[in-house]
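Student: Quick one: dock chain against chain with the hints and give me the complex.
Chains as they are written, first to last, in UniProt numbering: chain D, 1 to 467; chain W, 1 to 101.
Misleading hints may appear alongside valid ones.
Stated by the list, open to error - Below, a list of computed lysine to any residue pairs in the SDA-like style, where the Cα atoms sit at most 25 Å apart: (1) D/K345 / W/S62; (2) D/K379 / D/V238; (3) D/K127 / W/K24; (4) D/K127 / W/K47; (5) W/K47 / W/G21.
Treat the hints as calculated values from the structure; they're not laboratory data. Note that the structure is predicted; figures quoted are calculated from it, not measured.
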Amino acid sequence: MCQVGEDYAEPASEEPPPRQPGREQKCVKCKEGLPVVVIRAGDAFCRDCFKAFYIHKFRAVLGKNRLIFPGEKVLLAWSGGPSSSSMVWQVLEGLSRESAKRLRFVPGIVCIDEGAACGLSPEARAKALAEMKLILQTVGFPWHVVALEEVFDLPPSVLRCFAQEPVGTEGAYKAAVDSFLQQQHVLGAEGAGDSPSLAQGEEQLSWPCTQDPQNPQSPDRPPTAAQTEALSRLFDSVKTLTAKEELLQALRTHLILHVARTHGYSKVMTGDSCTRLAIKLMTSLALGRGAFLAWDTGFSDERHGDVVVVRPMREHTLKEVAFYNHLFAVPSVFTPALDTKAPEKASIHRLMEAFMLRLQDQFPSTVSTVYRTSEKLVKAPRDGCAAGPPGPRCLLCMCALDIDTAGAALLSQGGPPSPRHRAAVLRLPCEHEGLALPGPPAALHLGRGPAPQPEGLHRAADPGVPG
Amino acid sequence: MAAPLSVEVEFGGGAELLFDGVKKHQVTLPGQEEPWDIRNLLVWIKKNLLKERPELFIQGDSVRPGILVLINDADWELLGELDYQLQDQDSILFISTLHGG
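The following block holds chain W by itself, in its conformation from the complex (with noise of 0.2 Å):
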């Protein structure tokens, strides 16, 4: 049984757009049987945050190639990319690649 917990999810280079352009959200995850990890909190995004378009952010259950994502200011693949615990107070930072030049 996880424990409800609070992180800070946060939209950059140009993901924003598709949460009516708000880059921050503190958000409070409920608590649930399964242990919170990014494949469980994409799907929370999915279902909460996002507004339009899921292909542009979500493909499969993992983010869309070209969306960096970094927890705590390091590189997810440092952290075990989806399998990462999420942990209280933590930041997560997805970043879109796409909107280069």
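Pulled out of the complex, with its shape left as it was, chain D reads as follows (with noise of 0.2 Å):
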């Protein structure tokens, strides 16, 4: 495994570095090779130890966190784009390294087709999807493709958390290794070693897996016009880009948590980026949801109980992700996406963005100074899900409402909900707005209102202030 807490020291230098490093410099690791790339401030690597930085950070992430037990089925969200693509290759590399240093978990892939949200057309759609499958084959992982209108067929079941075991302490992950690690010397002795992810012995997983036995529908067949209509629909009835992105990510998780479910996956990987988190915590406080960062940013989020959510490429800003599958051709897809060619103010996302990456140009450690404040965050105990029986949540995001639920936006006033489903639509203020959905109706956040003015503050009536 990954020595724990092992990092790379900054080059110790007396004066401050120099803004631009120039060619004529020498890698800051190993000395000899010709930079190619500039991490940080400063840092100058050459080709091969930028590629063993990139991986060891991988590595490390992964073994400092200690979530994922060997044997256990991972579940990676692919999109297609660079940081999510990085993540399958590093899985893919990982698991195929013949050493103890070996990832020891068995991964999945699912690929969600937003094309209907994003207003492809169906020609488009099918022609990224066929790239995909292209690269899915490739990869050799079991996938599943599921297109975003099946959301309307997923069972309320997908909006409640599972209480699952509390998280293992240190000696059982220790211990579960070491386990591990003797089945695979009692399996290499009989013989069986050959494919290294088939060694538990206990689920045959057929390998590449192109159709999903238990899914109705299955990822050949394209969903049907209706659907994508409905779709398209239920997107264009929300007011502003924001409020669809939310709605978009919304969907997309239960998606996933579904897919997850259904197969048996216990994990599920998403490839958010340290630069994409950074930008997220900001746009999230700027959303009304500064209660939930620890989730929304942190390694793991357990809001969904039985199946966390893990961040594996927290630690890897979008230029070593760009530069990584530039330099060592890992194979990505390019969708367009809700808010490509968007113009600066479209949705907060989009001025948060702009607002962090200039501010990054300008002073190189904003993301990371970001990223390490998310770091700093801690989840309230009393929220976690093991704690006993979950209060009420919200019905799109799934965290415990951390509000008083007598002012939640309750729409129907106790009882159990109605077994008919039927459309709410649903006013709030802020954060989830405009939205009509299928489903029984249940609390809501209250998105923030405008900051109370303190008692006695008025402006005319202020003498310190003249004129």
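Tutor: What follows is the structure, encoded as structure tokens:
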């Protein structure tokens, strides 16, 4: 396993490092190679050292957190974009190593086709899907391609948090690794050690898996036009791009959760990079989600109970990801998203992204500072799912409500939810506004209104202000 | 007086959307008084290659934050950024990191 705590030390220098390292400099790590990329503020790495640095970070993040047990089924959420493609590639390389440092979990890939929400034509969607399937076949893990339209067929159970056993202690993790290694030894002695990932013998995964026998709608049959129409209508009914993005995120999460639960995956890995998470942190603050920053941006997100979302790419900046993908030919598929070519002020997400990136340009430690702050966020113990019966939860983001339920936007007072599904149009102050969703009514977060003015603060009457 | 230069300009990561979806462009930069550097190249790209939404690619006299520039597979920060003098057969790659995910 990776050494915990090992890190690349900043190069010792008496004077501040030069603002623009020139090509004459050598790689700061090996001191010999020709540098090709500048990481952080002034560290120039050569190609091989950069690769080692990149891979090491990935393994270190997984090793440091010790949440993924050997033999566990982990679902990789792949959007086709560079971060998630890089993550998939790292998992692929990590699993194939012939050494004790090999990654030990059992991966699958899920890919959500969001073309309908983004307004793509059927031909564009089919083209993107074909490219994706090509890459999925190359990677070789079991994969599931799910259209966003299937969100209409989700059972209500997807909105429930299932209590799970508390996360194992340090001793439990070590014991699990040791017993796994012992099993490997035994199997190796019996001459069955050829396919490393099937070593458990408990589950026979069919590789590559193209059809999902449990899912009535096979991935090869595109969603019906009526469903696509319904999804387009849903997104059109949302007034602002901000709300659309949040809705898309919520639906995507529900779908991935459903796929994970249906196929027995206990962990989901998403490719959120350091830059994205820093932007997300600031955006969440602006959206009134300050209480849930630890779940939204932390390494692990246990709000769903039985399925834990982890973010192994959270220490890689977008620049590192882009460089790695280019230098080492990691395949990715570009698909236009909701906010492609949107102007800067189109949504809170876009505005925050522009703000952060512009600041990062002038002050190269911006993203890492925000990221370090997010690392310090602690989850309030009362909100832990393992702490007992779950309190009321938000319908969309499934975090525990942080407000008094008497003030929540309940649509029906008391009583069990109606068995009939009916559309509920909800008008809410800011966060989740103007949505039309089928399903039982439930409590939702209220957006944060404007800050209340302290008593007695009237500008005109302030004697201290001249004029 | 700078001689005409032949360089390859490539766009990736979604930046190609602003250039009619074409990723690779083999361009010949005409001879001119000042030597060709990245600053001039950007002006030239804006005038001749960019099809729409210049503000999504160029900001001021540099690229928009979030767009990486690689010159011959190396970070442009190592080569002087905007002041790098172009040479014949150079390969300049612009990768947009804003479509991460």
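Student: Against each hint, give a clear statement of whether it holds in the structure.
Tutor: To see whether the hints hold, each was checked on the structure:
Between D/K345 and W/S62, the direct Cα distance comes to roughly 21 Å. Compliance with the 25 Å bound is thereby established for this hinted pair. For the hint pairing D/K379 with D/V238, the CA-to-CA distance comes to about 31 Å; that exceeds 25 Å, so the pair is violated. For the suggested pair D/K127 and W/K24, the alpha carbons sit about 20 Å apart, so the restraint of at most 25 Å is met. For a cut-off of 25 Å, the pair hint linking D/K127 to W/K47 is broken: about 31 Å separates their Cα positions.
Note on W/K47 and W/G21: the hinted pairing holds, with a Cα-Cα distance of about 17 Å set against a maximum of 25 Å.
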